Amino acid sequence: MSNVGIVIVSHSPLVAEGTADMVRQMVGDEVPLAWCGGNGHGGLGTNVEAIMAAIDKAWSEAGVAILVDLGGAETNSEMAVEMIGEPRAHKIIVCNAPIVEGAVMAATEASGGASLREVVATAHELSPS
Amino acid sequence: MSAGTMVKTGTLDKVDLKTLISVTADTIAAHAEELTALDQAIGDGDHGLNMKRGFEAVRAEADTFATKPLPDALKAIGTKLVMTVGGASGPLFGTLFMALGKEISAEPDRANLTAAFGKAIEAVAARGKSQVGQKTMLDVLQPVHDALLQGKTGLEITDAADNAAAATVPMKALRGRASFLGDRSIGHMDAGGRSVALLVRAVAETIEGQA
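Chain order of the listed sequences is A and B. Throughout the first sequence, residue numbering follows the working numbering, covering 1 to 129 in sequence. Throughout the second sequence, residue numbering follows the working numbering, covering 1 to 211 in sequence.
The reader is advised that the hints may include incorrect statements.
What the hints assert, rightly or not - Quick list of in silico lysine-lysine cross-link-like pairs, DSSO-like style, CA-CA up to 27 Å:
| no. | chain 1 | residue 1 | chain 2 | residue 2 |
| --- | --- | --- | --- | --- |
| 1 | B | LYS129 | A | LYS91 |
| 2 | B | LYS52 | B | LYS68 |
| 3 | B | LYS68 | B | LYS18 |
| 4 | B | LYS68 | B | LYS129 |
| 5 | B | LYS102 | A | LYS91 |
To be verified - Derived coverage of chain B by chain A (criterion: at least 3 residues anywhere in the stretch with Cβ under 8 Å from a Cβ of chain A; other residues may be distant):
| no. | segment |
| --- | --- |
| 6 | 45–55 |
| 7 | 190–199 |
Worth flagging that the hints you see were computed from the coordinates, not collected in a lab. Predicted, not measured: the structure shown is a model, and the values here were computed from it. For every residue, glycine included, the Cβ atom is placed at its ideal position computed from N, Cα and C.
With these hints in hand, go ahead and build the complete structure from the sequences.
In structure tokens, the structure reads:
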């Protein structure tokens with residue numbers, strides 16, 4: 001698929017899956033989408049390996065925008081991007097935006113064929129800073 | 001050889017990496033509940049368990065790591081920590097070891113170890129988008145680097161680490177989950193800083209013991 005992909009990374013699998021449901025309601029199958037949540041051992045947390053797998057699943061040559069919740073999700077997502085490395089790493093961006101609103105807005109933008117930069121900018125408009 | 005001489009002047013090549021892995025994993029396991037309690041006070045309360053899981057995963061593959069040259073072994077240990085610790089500590093402690101492995105030589109002397117450690121601290125700061133003074137592991141790593149630079153003995157380096165961890169107690173957290181608490185983060189030791197101090201002690205004592 002040529003549209004930008006969206007990855008949702010939450011500490012909670014319930015939050016991640018619920019956010020993905022809301023994204024699907026908006027864009028259906030027009031956007032590659034994947035989510036992950038939890039520490040991989042049944043608890044809350046985030047997991048680099050799961051994030052890498054989600055990026056693979058939502059991969060698009062147009063790039064992937066990642067939406068995260070709290071700090072560890074961001075740090076682990078950045079680590080996952082680094083471990084994936086080039087030539088894909090520069091096409092993956094961790095967004096600074098609220099996870100639910102950011103994912104829905106970014107996916108809606110992506111469904112119209114927007115570039116990765118436009119998708120990320122749309123998500124970033126939701127952040128105060 | 002007197003205590004500290006090894007750390008002061010010597011190399012790490014005489015130290016058995018398997019022993020170092022075992023001792024650090026033992027230390028983290030022995031203090032897992034304490035680390036979790038520190039993290040529960042001002043964080044999300046998973047630090048001890050996460051660190052224990054990561055260091056046990058490293059211990060499980062100690063034989064493999066020990067066959068590699070020191071730089072490769074440290075990089076592999078860092079990667080293992082990234083993949084197994086979970087939470088923000090995974091990338092942060094993983095980056096510390098990965099960057100150390102990238103910068104260190106196969107048979108490091110004090111100068112090389114110190115320089116590599118300095119670079120590793122920079123990598124951790126970049127990973128966490130943090131700096132010294134924000135009540136994080138950096139507030140223990142930096143004084144340890146200073147002590148290395150100043151030619152301090154292993155015992156003195158260990159003391160510096162312990163003092164630095166204690167010095168995080170009155171600090172206000174500016175990064176991580178603890179920063180959400182604002183002034184209420186004051187009065188508690190930073191769990192990541194405590195972990196660094198524990199690891200420094202384990203490594204310093206092992207190196208001296210084998211010198």
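Which of the numbered hints above does this structure break?
4 and 7
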